[in-house]
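Number of protein chains: 2
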Amino acid sequence: MHGSKHIKTIEWIDGAVRLVDQTRLPWELVFKDVSDHRELADSIRRLEVRGAPAIGVAGAMGVALAATGSGAGSMDELRSDIQAAAELLTSTRPTAVNLRWAIDRSLHVANDVSISSKDELRRLLIDEALAIYEEDRELSRMIGRHGADLIADGDGVLTHCNAGGLATAEYGTALAIIYTASEEGKRIHVYADETRPLLQGARLTAWELMRHGIDVTLLCDSAAASVMARGWVNEVIVGADRIARNGDVANKIGTFPLALAAHRHGIPFYVAAPYSTLDPALSTGTDIPIEERSAEEITVIGGLRVAPDSVKVFNPAFDVTPAALVTAIITDLGVFRPPYGPSLLAKNSPSDA
Amino acid sequence: MHGSKHIKTIEWIDGAVRLVDQTRLPWELVFKDVSDHRELADSIRRLEVRGAPAIGVAGAMGVALAATGSGAGSMDELRSDIQAAAELLTSTRPTAVNLRWAIDRSLHVANDVSISSKDELRRLLIDEALAIYEEDRELSRMIGRHGADLIADGDGVLTHCNAGGLATAEYGTALAIIYTASEEGKRIHVYADETRPLLQGARLTAWELMRHGIDVTLLCDSAAASVMARGWVNEVIVGADRIARNGDVANKIGTFPLALAAHRHGIPFYVAAPYSTLDPALSTGTDIPIEERSAEEITVIGGLRVAPDSVKVFNPAFDVTPAALVTAIITDLGVFRPPYGPSLLAKNSPSDA
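Chains as they are written, first to last, in this note's numbering: chain A, 509 to 861; chain B, 509 to 861.
If you're looking for bench data, these hints aren't it; they were derived computationally from the structure.
A hint or two may mislead.
For chains that are exact copies, the list does not tell them apart, and a pair is met inside one copy or across any two.
[To be verified] Straight line, CA to CA, 30 Å or less: simulated DSS-like cross-link-like pairs of lysine-lysine: (1) 540 <-> 513; (2) 820 <-> 694; (3) 694 <-> 540; (4) 855 <-> 626.
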């Protein structure tokens with residue numbers, strides 16, 4: 509029912525990537541066409557396209573752009589160009605595992621020795637990117653369906669950052685659950701943390717929820733615990749950038765204190781993410797690399813400097829929420845509950861699947 | 509040793525109030541002279557002067573301004589003008605109890621029936637405001653002395669909002685402890701939350717600590733829990749706007765989640781405030797009125813709108829931290845520890861006095 513309002517965050521059109529420039533929201537909805545993989549790497553770095561699933565799609569499309577744009581004379585040269593592009597694209601954001609996962613899928617195609625024609629390889633890399641894109645659209649809907657059962661009519665749901673349509677190819681992770689519950693006729697009130705420093709909650713989440721006619725109230729990140737203390741929140745739902753085998757979750761900075769506040773108030777704390785967000789190589793969250801971004805993200809807002817010149821700044825983009833604070837992890841494959849180690853790895857048998 | 513760098517946040521000079529316009533920091537240090545109590549009420553409301561102890565001083569000076577500015581023909585008229593001014597000034601900020609406490613002290617003078625001359629009453633109200641001002645300077649130093657013993661050489665101290673010289677007549681509450689420990693030769697590293705929505709941490713705390721040569725790192729409010737998880741914080745010290753008899757503490761929004769994070773990591777959580785911040789009329793923090801401020805504080809930063817037009821906003825200026833999360837309350841009268849009810853009320857025998 510809200511289908512027409514869902515924006516295609518990223519698409520492959522006529523051999524180029526068309527993306528919503530999210531740094532321009534909520535002021536204007538600008539689509540940007542990118543035909544060079546280096547330019548796409550810059551777009552990822554500048555957060556013009558952001559959200560773990562969406563940058564996974566962007567990564568695979570970037571590899572396809574590198575292949576189609578390469579003037580390599582031989583298969584070896586083409587594979588070498590693709591490898592270099594994959595490394596460049598992977599380096600743009602170190603925390604979200606979906607980026608590396610999607611690029612690795614494309615590299616697996618690129619390194620298939622049975623492919624002997626450059627044009628065939630280029631075509632197959634485009635196909636792989638389109639497959640990842642279509643899978644992302646579908647798995648968002650699956651996350652929505654699995655999670656919606658956890659939401660009751662009249663619930664207040666608190667979310668952080670943007671785990672919405674703008675963070676995926678189209679439908680979202682945390683917000684997919686809210687869209688699905690809303691489509692089922694449940695009335696939901698969303699509390700959206702503004703999400704400093706880059707205000708994805710204020711700029712993106714409030715914008716996309718209002719566009720869908722879903723009731724939303726914006727608040728400072730530091731007010732979330734007060735909103736919980738007032739009894740207004742029935743569940744917290746956030747996205748994830750990487751999940752360790754034990755269920756520890758890396759997500760946007762500010763997620764961990766939300767989980768502490770939810771725990772304090774006995775409020776379920778749900779993480780919604782594609783199953784590919786699980787990094788089976790990591791046993792716990794302490795091994796997840798945490799991206800640190802520039803001081804200016806904090807000290808300059810809209811061109812105005814808001815802190816003394818030369819002040820020292822610590823700006824980690826993500827934090828790690830211990831598995832013990834996570835009530836359930838809602839994925840396209842089903843809802844996983846503690847103990848996460850065994851349940852997450854036995855991926856064909858999530859608790860409610 | 510840092511005496512010369514301490515700014516007089518508010519002073520009574522030549523029959524008028526001179527205050528630092530804190531909305532102009534850190535861009536410029538502007539002193540503003542205010543000679544009308546209604547103008548001073550506006551200054552308090554706009555946070556040109558802010559911080560519970562400082563607005564207490566401002567409130568008493570405002571009553572003095574009303575008395576000196578009144579053209580009342582009789583004592584009754586003068587007392588009536590003073591009463592109206594007191595009500596206007598009290599209404600500017602509902603949460604901080606120091607404002608009401610200071611104004612009540614002035615009203616007690618105004619209502620002393622043994623005073624029969626208008627000029628004498630005006631003079632006594634100025635004297636009362638100056639006494640409150642001098643007491644505030646002295647009690648800041650006492651808070652600093654009582655708290656400094658709790659800080660060790662090399663400690664990392666996390667603070668929120670501005671409980672510094674700018675929040676008091678001169679020396680601070682939470683930051684008075686840091687200044688005193690620093691003067692004792694202890695090396696301290698401060699982590700300053702930026703403190704959305706009005707960024708008092710970025711604009712004021714970072715500015716005044718750097719001015720004093722104290723090592724400070726600025727972070728988003730939502731990163732504080734991560735800084736604690738990394739083991740960088742030895743204690744959290746914050747100010748207070750009102751303390752209930754049971755030790756529940758109202759302070760700047762974002763204090764409660766800090767206390768939860770400190771509790772999680774076994775880090776002492778200290779509240780530093782004048783003893784007058786205790787409101788003996790309130791048995792618990794649930795009775796403390798929480799000021800809600802305008803949506804624009806969140807949706808507009810430096811003239812730039814950062815959220816969709818007409819988005820709903822919840823903007824409480826304060827939250828309440830339950831006493832169970834407060835390790836100690838550091839006042840001018842000494843350090844109080846749980847159980848707070850008996851210790852806070854037996855004010856002449858704090859635990860270390």
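Quiz item: For residue 855 vs residue 626, is the C-alpha pair at or below 30 Å within one copy, between two copies, both, or neither?
Solution: neither (36 Å within a copy, 84 Å between copies)
Practice problem: Check residue 820 against residue 694 for me: Cα-Cα at most 30 Å, and say if that holds within a copy, between copies, both or neither. | Solution: between (46 Å within a copy, 20 Å between copies)
Quiz item: Which holds for residue 694 with residue 540 at a C-alpha limit of 30 Å: within a copy, between copies, both or neither?
Solution: neither (35 Å within a copy, 54 Å between copies)
Quiz item: At most 30 Å between C-alpha atoms: does residue 540 with residue 513 qualify within a copy, between copies, both, or neither?
Solution: within (19 Å within a copy, 51 Å between copies)
In summary, the structure is inconsistent with hints 3 and 4 from the numbered list given earlier, while agreeing with the others.
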